[in-house]
Amino acid sequence: MSDFEKKILEFKNRLNSTQDSNEIESIRTDIFSKNGFINSQFKKLGSLSENEKKTFASNINKAKQELLEIFRAKATEVSDKDLKEKIKKEKIDVTLPEKEFKIGKIHPVSQVIDEISCIFSEIGFSVEEGPDVENDYNNFTALNTPEDHPAKDMHDTFYLDENMKTLLRTHTSPVQVRTMLKGKPPFKIIAPGRTYRSDSDQTHTPMFHQLEGLHIDKNINMGHLKGCLNYFIKEFFEVDKIKMRFRPSHFPFTEPSAEVDIGYRIEKNKIIIGEGDKWLEVLGCGMVHPNVLKNCKVDPKIYQGFAFGIGIDRLAMLKYGINDLRSFFECDYRWLNYYGFDPLDVPTNYRGLSK
Amino acid sequence: MKFTKDWLDVHLKTNKSESQIIQKLNNIGLEVEKVEPVKNELSEFIVARIVKANKHPNADRLKLCDVDIGKKEILKVVCGAPNARDGLLTIYAPPGSVIPKNGMKLEVSKIRGETSYGMLCSESELKLSNESEGIIDLNDKYKTKIGKSYFDEKKGKNVIELSITPNRPDCLGVRGIARDLSASNFGKLKEQRKSKVKKNIKHNLKITIEKNKNQACSIFGSCIIKNIKNTESPGWLKNRILALGLRPISAVVDITNYVMFDLNRPLHAYDLDKIKNKIIIRNSKKGENFKALDNKNYILDKDMCVISDDKGVLGLGGIIGGERSGTEKHTKNILLESAYFDPAIIRKTAKKLDLNSDAKFRFERGVDPQSVNAGLDSAVELILEICGGEVSKFDIQQTKKIKDLEIKFDPKMVSKTVGNNINTNEIKKTLSNLGFTVKTKGKFLNVKVPSWRPDIFGEIDLVEEVIRIIGFEKIKSIEPEKKRTKPTLNFFQKHFHLAQRSVASKGYLETITWSFTDEKINNKFKEKLESVKIINPISSDLNVLRNSLYPNLIFYLEKNLNRGFGDQALFEIGPTFTGKKPGQQITVVCGIKKQSIDEDNYLKKNSLVDVFHIKKDLVQSLTELGINKEYFKIGENTPSYYHPGISGSIVSKDGNFVLAYFGALHPKIISNTFGFEIFLEKLVDYKAKNTKTKESLTFSDYQKSDRDFAFLVNKDSRAQDLLEVIQKIDKDLIKEIKIFDVYEGENIPSDKKSIALKVTIQSDHKTLNENDLTNISKKIVSTVEEKTGAKLRS
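Protein chains in written order, with our numbering: chain Y, 1 to 355; chain E, 356 to 1149.
Hint data in this document are derived by calculation from the structure and do not stem from the laboratory.
Computed from a predicted structure; not experimentally measured.
Check the hints yourself; a few may be wrong.
Claimed, not checked - From the structure, some residues in chain Y lie toward chain E, with a derived Cβ separation under 8 Å:
| hint | residue |
| --- | --- |
| 1 | G104 |
| 2 | V133 |
| 3 | T166 |
| 4 | M222 |
Said to hold, decoys possible - In silico DSS-like cross-links for lysine-lysine, where the CA-CA straight-line distance does not exceed 27 Å:
| hint | chain 1 | residue 1 | chain 2 | residue 2 |
| --- | --- | --- | --- | --- |
| 5 | Y | K53 | Y | K34 |
| 6 | Y | K278 | E | K837 |
| 7 | Y | K241 | E | K837 |
| 8 | E | K936 | Y | K165 |
| 9 | E | K837 | Y | K355 |
| 10 | E | K646 | Y | K165 |
| 11 | Y | K294 | E | K758 |
Ideal Cβ placement from N, Cα and C applies to all residues, glycine included.
Start from the sequences and build out the full structure, keeping to the hints where you can.
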């Protein structure tokens, strides 16, 4: 056995006998580095005859190839073994808590406004808004509620001046006035927003939310009103059938006026909407009074249509089983977390209103 | 408005049941609010059982009884009856009840040192018989009725309470309700009986309606009734008065009340002998005063309508009578008034004096001016029947003619409004049944409005009358068309929606708080704004419109802290007010974050909330709203409610728009709490003016290189300024600058800090060689040193 072959055998033995990654690295240097065994053998070529050169070079290459293969196999074997041992030691108790995260919530009133907007969007209503502070004219006079009329008693108004000319709007109806005055018919709008009455007890809060609806065009009649509200209630409560009753009532700004009740029953302390023989008042509506149209520069001989007002908080209570109106505004951490909605849960037409 | 079925029967001949009637009333717009068993004056007397009749410790003849009245507790009642014994079933009168025999009102009292809660009754005390020997001894049948009313059970009649809308004063009288029902095919309205009373005596009291400006009284009808005996009302009348929730007083008062609720015709009875000389209806002088029947003294303003005599004010016309001329049990001669007062003036007066009465409630809504005579007739008949006496002719003073309103009505309007075809004959019939006089004139109807309907002005009111009676259920529903011609939300509304959900997605809980707040707290946040005060706040701590969202958010944050929730992130999106005119409001998104320091929690230790957390939430939301860092810079000026050293503003690049504030709230207001405010209108406005249409994406695939620099700068200098200078050097090559370390302390002068940055350099056109990189690096160092006074740290 030549020295060369002995050396190769020695390397093979070294590789075979080791399980240590450091030894592997040192073997690699010994064999393959710049000054390693293989290169040192190539350097010898210069001192050899042409014939010897050829044979020896071929031997070196063969040996290099052979060693490389063994080396690679061994290196993989050792690194696999090392990784295995490392993993064994890396046991973590993953039942410990994850990094803290906070899920924000959308208030049920906001969610319900989005749901309602989504429903009315389908049938061509767009969203309008008006200021919270209103003048007496827009809130009452233009809406056919004359000065010194008992109808005003129905609204306990917050006033901002002694002459009672500036006030916090008692309903969203002044948005009707603003919308009609700034545009030209037809009008097809909803207007959600904050409303205020100086009333505070179990079922009343000094601030609450309303949604106004207005549809004015040529030939819009009470049949359209009925159909529109029937569609809305059905969509909102996500039921196929709804029991609805239109009861004549009185609002100065609509004529004829109606209150709308929906049928319900109580089952295991829960309200089931749409069936049963009990009635629940959910909204007020009617045909816009010709005087209101006139006040808003719309010709009642050509145009007519309907308006409605919905108590948003009340609908939210009904749909989501919330018992106390006052809790909406008390900002209790537990309440907000429990009744609030995931911000990603955006009501849409194609996905459906609620998750 | 309350009534009973048997009262309705006085005016309506019907075979419909009470429950059918209730349903119909709802369907024609007379909303039934409540149906309750009728109360009579004996309802309070209940069946009771003596559990044990103990000896009274201080009196031989009295017993101290343990009485079971069907409630949890056994009551102690002192009783002197010889037949009071263990197990006796009898009738108990609670404190507050009035004993029919003597009109005595019971009170909790001590009898010989022992407290007695009520009384056990004899038959004579309840006027059941003359038997007064002992207390009532009921048979065993009543064992199951302990706790129930003794008298009530047999009747089973109901009081129906209606919630009458303000446009329907006519239905504040039972007859009006009967008329509506009859028009709805629910029976026949009975004719009002013609009075057959002989009016023999002379009306010798002079009555004048003074000609005043804005005189509220236009009709004053009256008669004199002499030699009456003002007794107690008979049972039927008492029961009707009780059904209304009123207390029977005397026949004359009960009768005037009865007629008011029967015909919606308020009346007033004066003791004639207490009127001095004559009656003048006039406007009051400022400072005049009188004592009203509610026992209160009222000081009057100028020009309130008063009924007066030579001595002064007798009463406020249409609102309340005066004590001086009130009728009493011994009153012999009366003047009975039936008048008409202007609704608006009555309302104004009553509002000023803060006075409410059944008469005022009716006059301000509109009483039938033609019911003056009918009211007098109806009351006179009852008074003569119950109290006897002789009546004078009616004296009617009238200063204005009553004009009947006539409406030219196109019957087609009904179909046009409701959508269904309603035929003209049905329209005519319905209106006639409601008391309208209808005449056909060509294509139109001439409709005369009855005097009891002050709510009818024009054609549309007639449409309502017709459809109300025909029934809303007859209107055919028309399915809505699923068509959209305009976008649902405008540009601003879209951003409102997005901002709301964007902030919530950062872990904030959305709240909705009052638009008003406590002025004391608001003052800390209003800066230069004026307080907008509410004249009539719901409470003194909600007395101004909010100038900022912080006052309420902080209030509720602290409430939650007290509930034991240390870590909180709340936000609200809503209006704040900049003035008291309509429209002087802006939309603000305000977030607030607090973390309780919890040193023990190793999981949390390294993630304490600081200003950069709130800044991250804010900047991320702004970016989501389409305003990224390219569009804004950080300004230093913040309102005084922020910590002056730990807060900043987000300002548009051009400096014209303050889009947001963020930072630690001032420790004087609340400690360890961070917040931000986004001004949504400004943001949306800025965005609308500065949005670029998105260019098509280009990116460079040539090699990127990073170069690190550390500059020594003054401690109070701002990182943003340094970045700005570098950015401007070569916008094409300098792709990104990242601050990776800020250091103060050892090896650095005490007035300096070191800012270490990584600058990413890349060309869009070629691979940069070492030379290019060295050049740009040199330029960065020299420009920074020259422009900011910073020194490269060696």
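Going through the hints against the structure:
no.	hint	in the structure
1	G104	holds, 4 Å
2	V133	holds, 5 Å
3	T166	holds, 6 Å
4	M222	holds, 5 Å
5	Y:K53 / Y:K34	holds, 21 Å
6	Y:K278 / E:K837	violated, 31 Å
7	Y:K241 / E:K837	holds, 19 Å
8	E:K936 / Y:K165	holds, 10 Å
9	E:K837 / Y:K355	holds, 23 Å
10	E:K646 / Y:K165	violated, 34 Å
11	Y:K294 / E:K758	holds, 26 Å
Violation of the numbered hints given earlier is confined to hints 6, 10; the remaining hints are satisfied by the structure.
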